[in-house]
Each structure stands twice: as structure tokens, then as C-alpha cells.
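Visitor: Each chain, letter by letter, is given below.
2 protein chains.
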Amino acid sequence: MKKYYLMAPGPTPVPPSVLLAMAQPMIHHRTAEYEGLFTEVRAGLKRLFQTTREVIPFVSSGTGSMEAAVVNTLSAGDTVLGLRAGKFGERWEEICRAYGVTVVPMAAPFGQTVSAETVAEALRSHPEARAVLMQHSESSTGVLHDVQGIAAATRGTPAILIVDAVSSLGIADLRLDEWGVDLVVAGSQKGLMLPPGLSFCALSEKAWGHVTASRLPRYYFDLAAEGKSVAKNEAHFTPAVSIMLGLREVLRMLDAEGLPNVFRRHERLARATRAGVEALGLELFAKASPSPALTAVVAPPGMNSEKVLAAYSASHNITIAGGQGEMKGRVFRLGHMGYVGDFDVITALSALEQVLHELGHPVDFGAAVRAAQKVFAERA
Amino acid sequence: MKKYYLMAPGPTPVPPSVLLAMAQPMIHHRTAEYEGLFTEVRAGLKRLFQTTREVIPFVSSGTGSMEAAVVNTLSAGDTVLGLRAGKFGERWEEICRAYGVTVVPMAAPFGQTVSAETVAEALRSHPEARAVLMQHSESSTGVLHDVQGIAAATRGTPAILIVDAVSSLGIADLRLDEWGVDLVVAGSQKGLMLPPGLSFCALSEKAWGHVTASRLPRYYFDLAAEGKSVAKNEAHFTPAVSIMLGLREVLRMLDAEGLPNVFRRHERLARATRAGVEALGLELFAKASPSPALTAVVAPPGMNSEKVLAAYSASHNITIAGGQGEMKGRVFRLGHMGYVGDFDVITALSALEQVLHELGHPVDFGAAVRAAQKVFAERA
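Protein sequences, first through last, are from chains Z and L.
For the first sequence, our numbering assigns the number 3 to the initial residue and increments by one for each residue that follows.
For the second sequence, our numbering assigns the number 3 to the initial residue and increments by one for each residue that follows.
For the record, the hints were derived by calculation from the structure and aren't laboratory data.
Treat the hints with care, as some may be off.
Said to hold, decoys possible - Keeping only pairs whose Cα atoms sit at most 27 Å apart, straight-line, the calculated DSS-like set for lysine-lysine is:
hint	chain 1	residue 1	chain 2	residue 2
1	L	K208	Z	K234
2	Z	K309	Z	K330
3	L	K330	L	K309
4	L	K309	L	K89
5	Z	K234	Z	K48
6	L	K230	Z	K309
7	Z	K330	L	K234
8	Z	K234	Z	K289
9	L	K208	L	K48
10	Z	K208	Z	K234
11	Z	K89	Z	K309
12	L	K230	Z	K330
13	L	K330	Z	K230
14	Z	K89	Z	K330
15	Z	K89	Z	K289
16	Z	K89	L	K230
17	L	K330	Z	K234
18	L	K330	Z	K89
19	L	K89	Z	K230
20	L	K89	Z	K234
21	L	K330	Z	K309
22	Z	K289	Z	K309
23	Z	K230	Z	K48
24	Z	K230	L	K309
25	L	K208	L	K230
Construct all of the structure, not just a fragment, from the sequences and the given hints.
Guide: Put into C-alpha cells, the structure is as follows:
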């Protein structure tokens, strides 16, 4: 027997109580029971997205809601500005390209962030821009981008700010209404501790204005049609009933912990992970503003990072993640989002020490664990 | 305590073993374990769709795969022929309209079917038609349309036959390769006995040719990109891991029963249901070719069918379905698809007798039950 640990930056572990909630017999979505469920979920989602407006759920992975954001607010021939600082930034560009929307990239080297000043300047150079597209937490590099600053730069322009918060919702603070973010996209399988299958869009009034003006074709991902149904406390198409049952349980857990505490927990887990990694002499990939969701680590010189994940898996039955695209072979990524506590970080770091040793890298056993413990002790 | 029964035409009950399979701890989709799961699921889906080609899964409700069928095989300005004989026939038209595809309707009164000869004639009148769109089982009317005959009429023309099998897959025989069906769309929450959240597209070589020629924009529902990933035994975007775990269990159950037995079971349950309904003097809504998936029943003269479902729910905690669109208030619908056996039909009919009595309709108690029992006894 070798216990399995899921420590990748999504999908993330699902709490046992949530698994059980989803394992209850199927209910129909046109019943009083589902209406009660949806009423509670809608209220919980508003608190989670920190907005007074309705949050729109879709049955899809997070990419589906990214597409929904594009096809419901833009038109073919539009120009938008896009942060290009990681693989998911490139996904925005791919979606826009598929629909005839031109993306003016605001690039930073992977591992870096793009400043709000750069965005403000790009908006001045491109007064025709209809939107700014960005990630909050860029999972491929482990960087957290400055949503608040970029929202301030976007406000007062005709552009809306569209934020992919798939790997930051319920992990890092993101105040839709207060910061003036226009469209937030999220998924179920990261901070929300659910299986993949549900995604979300939350819109400001300014973003709903763009929906009215948008001329791109859509049917399955139709925000106006979904919004009408949500306002009636109904599902437009058949909803992912089992994951919704799990979502109610998750929202109760997040409410019980309190969002500020949820954010503090993730920040602390991330800090401990980084301290552990650096105590082993390894380099963090994120050069600025590391994400509380995951830690991307540069493999030691001469070591292919794919070997690190292979050893995590083969020797310890732990799933972590490698580098994506041009980062493949160079970095490995440790997730610490969602249903994660101190001793998961200890496990991940202890395993890292074993793995590096197995791969012939000199290791001072216990060094990473000790560094993390010191971070955890600070609170006491 | 009043036991809950889900007897609507989808979502349908999920077997306990499948609920438990889905309740196991989350696994990552880039692991050997998921690869093994996907290998088995791919093989099982081919048997289920009766095709040698790969079946493409999407994370969406069935409507998502309907959209995928349209946007991957057609172009704006194309003309297609569409069976219009129920609410889901109208959904094909809505999707086409959203993407600038013109639908020439081949209409039949709701409750009737459209003959293969009618389709053949329409194809002769419209040699420019790029596709024929139809439902196999039309859930809104309870009619099973003639896929085999229409496939024969379509073969040899430039048009492909696109079939919505959301409420027929694993319920009624549908031979993709043998009959020459070009594109079959299905969902997880009907005959597949799973929660909503997964949908499928299966394509013939002719349909893949249409994919190459198609010029409609798409990104999330991109069959070519998904097909490439499936061929590598991988997921393109994050898959609905928990429902895939359930799907493996369902495919094992269907294999153990044997597809011909699965179809016979549904046909028998449907026949017993119809016999019971008619024994109470009620009228079936399907005038021809009733579906084995569900039975649509016309409410007694002077009785609003919404009262029937309300009484099913309020008095007996049973969810059935009402009429959709223009059939609202006129019909109620009893599902008997998926995880359903003889005594579920007995329960539904026994409750129907109680409900009609409660609503003041004269009932010979036991008449519907007796008629169904006689059908069940035939086999013995």
C-alpha cells in the first residue's frame, strides 16, 4: 500500500464531505429541492466573488467560461489588450484568434508580471481596445498578477477588464465590485475543491453593456440567456447536478472558515512552500509576486524537471506537475490550493528532499521541512 | 419519511455502485491511472456507439455536443434540412440560426414522425443541403424517429446525417457504422445513468470530411483538436474526472447486460408503461413509433397535465415531467430509461392511478398495474 496524494495545481483534492454530498441519489433540476439548492448556491457564489450581481454557472471546464467571456462581450474585428506572461495568457490569445478578435500583447518574460502602468500606457496607445484580458494567478509560471492595479487602470476607459481567476478564486483576494473588475471567470476544480465540470462568469454592469453590443455567435455559452434563467432561480440547460450538490457543501465550508482566513491560509502555505524550496538551494520560477495557489520551482542545473515529477509519482505515489510549453523540462510545480493544510506542505517538501536525493542531488535531509515549520510556527 | 423516486425523462437515477465510483478521491488526468481509465472508457464507448472510430467526449450538457456538431461540420450560409417534430428539433434550428446556417424544416405534427421518403424527397429538392439534422428519441413528444431509414436516404448525397441521440443512446438500437450515420451526439444523464456533465460526439469518415471543410468559429468545442488528443489517449482540456470514473462503471454494467438485452429491457418497460396508461383509458401522445425511453401521455379531457405532475410530487415524492412548449398543460411524461426495472414501472403506474383518483378522475384501481404485469409475464 502506498497512499496517493494529489498535489498538482488542479484538479485538487475533494474533501470527503463533498464527495459524499455528490454521492447522494440524483435529484431533478426542476424540483423544489433543486430550487432550494440553487438559492443557497447563488447567495454563496456572490459572497465568494465579492459581488452583489448574479454569478452565471456553465457546465464546462474553465476554458468554456473563458470562451464565454470572449464571445459574449466582443465582436469580430475588435482589438483587445492581452497580458502574455504564461501559457494561460496564450489561451486568451488562441480563443480571440478563433473568433477574429485581434490581441495586442503586453508581454513579460515568463515568471514576471506586467505592471498596471504598462497596461495604462497600452490603453492610451490603443483607445480602440474593447477589453483587457489577463490571468489573476498564472498557473504555468506561479505568478499572481495585479488585478486591483490593472482594474484601476482600465476603469474610465471604454475597455472592460476580463480576469481568468480559475486558479485564484477562493485562494487569493479578488474583489469584483470594490476593485471594479468587469468579468471574472472561474472553474470548480481548483480553490473550489470540486471535480472539474463547472465553470463560472461574473459580470459588472459595464461588462453587461458589452454583452449587449457584442456580435459574435454563441448558443451554448450565451450569458444573456443564462442570466435570465439564473434570475428566475432556474437552470437554462441541464445543470451539473452532482457538482452543484458538492458546491453547496464547499460554499458552507468556505463561509465557516471565512474568506479572509481562507486567503491567509493559502498565503501561509505558499510562504512555507517557498521557504522550504529555497532552503534546499532551489530557485523559484516566479521572480515577482508569487501566487498563493502554487509554487513553480526551477529544477537544479543539469536536472530535467520531468525526472522530478516522475520520481514523485514512481517512488511516492504523489502527483505534482511539470512545466508547460517552453517551461517543460525546466520547472516543476507544487500545488497548495483548496483542501490543503500544513502537513500537506510538509509531505510535499519531505518528498522533494527524498526525490532530489534519489536523483543524485545532494540534500541536507530535513532542511526544507524545517524551513516550512518555522513559517508555520510564526503564527503561534 | 417518503421515499424519493426520480422518474423524469432525464436526468435519470444513478446506480449506487456508480455513485460510489464517483465518490472516490480525485485523481489527476495526467497520470497512468487516468490513462488506464480512459483506455477502457474509449473502448467501451466504441462498443456503445457501435463504431470502430473514436468517440469524442466534451465537458458539457448534451446541448454542448449539439453545438459542437453544428460548428464543426458547417459554415455560415450553409443550408441544412431539419426534422421539426418536437422541442429538441427546434433546438437544432436555434443553434443553426445562431451561427448563420439556414434550416429547411421537414415538419410533422408533434407526436408524429417524418418518413425517410419525405427526407429523401427534401434532399432531392435541396441538393445544396450540407446536413440532415434530427433527434433519434424526441423527448418532448415520446416519439422514436427512423434513423436507419433516414441514414439510407442520406447516404449517397453530399449531406451528412447528424443525430441527437441524447435520450436514445444505451436505450434504443443505433448502429453508427452499419447504418451509415455520420454524427451522433449523446449525453451522460439519460441512458448512461450518470449525472449531467459529459457529452459525446461520434463521427463517420464523411463527417470528418465536413469538419475539414467547415468554416464556423470554435475553440472549446473543437472536434479536430479533441480528436487528436483522444487518439493520444489524452484529454485536450481538463476532463470531468469524477463522471469519467462513473462512466467506466456504467460501461461495465452495460457490457455485462449486453447491448441487445439493454435495448430489449427498455422496449419491454416502455410497452408495459403504454399498456398501463391505455388500460386507464388515457391517450398516448406518440401516434407512431413510441420511444422506448419515455412515454408521453395526454391528460384526461379537462385536466391540466401540470396538476398530474404536481400531485405526483406533492402526494408521492415522485418527479415526472410535464409538457414542453405548446404541449405544456396537455401532456405529462414518464421516463423509463437507464437504471430502471419492472417494479419502477409498477410504481409509476400505481402512483398514476392514485394521482388520477386524487384529481377526481374515475379510476379502476389496479387496472394499469395489471396491464403492465401481463406484459412482464409474457416473457416468462
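Visitor: Next, verify each hint and record whether it holds.
Guide: So, going through the hints one by one against the coordinates:
1. At most 27 Å may separate the alpha-carbon atoms for a hinted pair to count; K208/L and K234/Z exceed this at roughly 43 Å.
2. With a C-alpha separation of about 11 Å, the suggested pairing of K309/Z with K330/Z holds against the 27 Å cut-off.
3. Simply put, K330/L and K309/L have alpha-carbon atoms about 11 Å apart, close enough for the 27 Å limit, and the pair holds.
4. Simply put, K309/L and K89/L have alpha-carbon atoms about 21 Å apart, close enough for the 27 Å limit, and the pair holds.
5. Between the alpha carbons of K234/Z and K48/Z the distance comes to roughly 16 Å, so the proposed pair stays at or under 27 Å and holds.
6. In summary, the hint linking K230/L to K309/Z is supported, as the alpha carbons are separated by about 26 Å, within the 27 Å threshold.
7. Between K330/Z and K234/L the alpha-carbon distance is near 19 Å, which keeps this suggested pair within the 27 Å criterion.
8. About 46 Å separates the Cα atoms of K234/Z and K289/Z, which puts this hinted pair outside 27 Å; it is violated.
9. Using a Cα cut-off of 27 Å, the hinted pair K208/L and K48/L holds, with the two alpha carbons roughly 18 Å apart.
10. The straight-line distance between the Cα atoms of K208/Z and K234/Z is roughly 22 Å, inside the 27 Å bound, and the hint therefore holds.
11. Among the hinted pairs, K89/Z with K309/Z is consistent with the structure: their alpha-carbon atoms are about 21 Å apart, no more than 27 Å.
12. A hinted pair counts as satisfied when its Cα atoms are at most 27 Å apart, and K230/L with K330/Z qualifies at roughly 20 Å.
13. This hinted pair checks out: K330/L and K230/Z have alpha carbons roughly 20 Å apart, not beyond 27 Å.
14. In summary, the hint linking K89/Z to K330/Z is supported, as the alpha carbons are separated by about 11 Å, within the 27 Å threshold.
15. Proximity of K89/Z to K289/Z is assessed by CA-CA distance (about 16 Å); at most 27 Å being required, the pair is judged to hold.
16. A threshold of 27 Å between alpha carbons decides the hint, and for K89/Z with K230/L the separation of about 20 Å falls inside it, so the pair holds.
17. Simply put, K330/L and K234/Z have alpha-carbon atoms about 19 Å apart, close enough for the 27 Å limit, and the pair holds.
18. Simply put, K330/L and K89/Z have alpha-carbon atoms about 49 Å apart, too far for the 27 Å limit, and the pair is violated.
19. Distance restraint check for K89/L and K230/Z: the Cα-Cα separation of roughly 20 Å lies within the 27 Å cut-off, and the hinted pair is therefore satisfied.
20. Proximity of K89/L to K234/Z is assessed by CA-CA distance (about 21 Å); at most 27 Å being required, the pair is judged to hold.
21. The hinted pair formed by K330/L and K309/Z fails the criterion: a straight-line CA distance of about 61 Å is larger than 27 Å.
22. For the hint linking K289/Z to K309/Z, the alpha-carbon distance of about 23 Å falls within 27 Å, and the restraint holds.
23. Between K230/Z and K48/Z the CA atoms are separated by roughly 16 Å; this keeps the pair inside 27 Å, and the hint holds.
24. For the hint pairing K230/Z with K309/L, the CA-to-CA distance comes to about 26 Å; that is within 27 Å, so the pair holds.
25. Taking the CA atoms of K208/L and K230/L, the gap is about 17 Å. The hint holds against a cut of 27 Å.
Going through the hint list in order, the structure does not satisfy hints 1, 8, 18 and 21.
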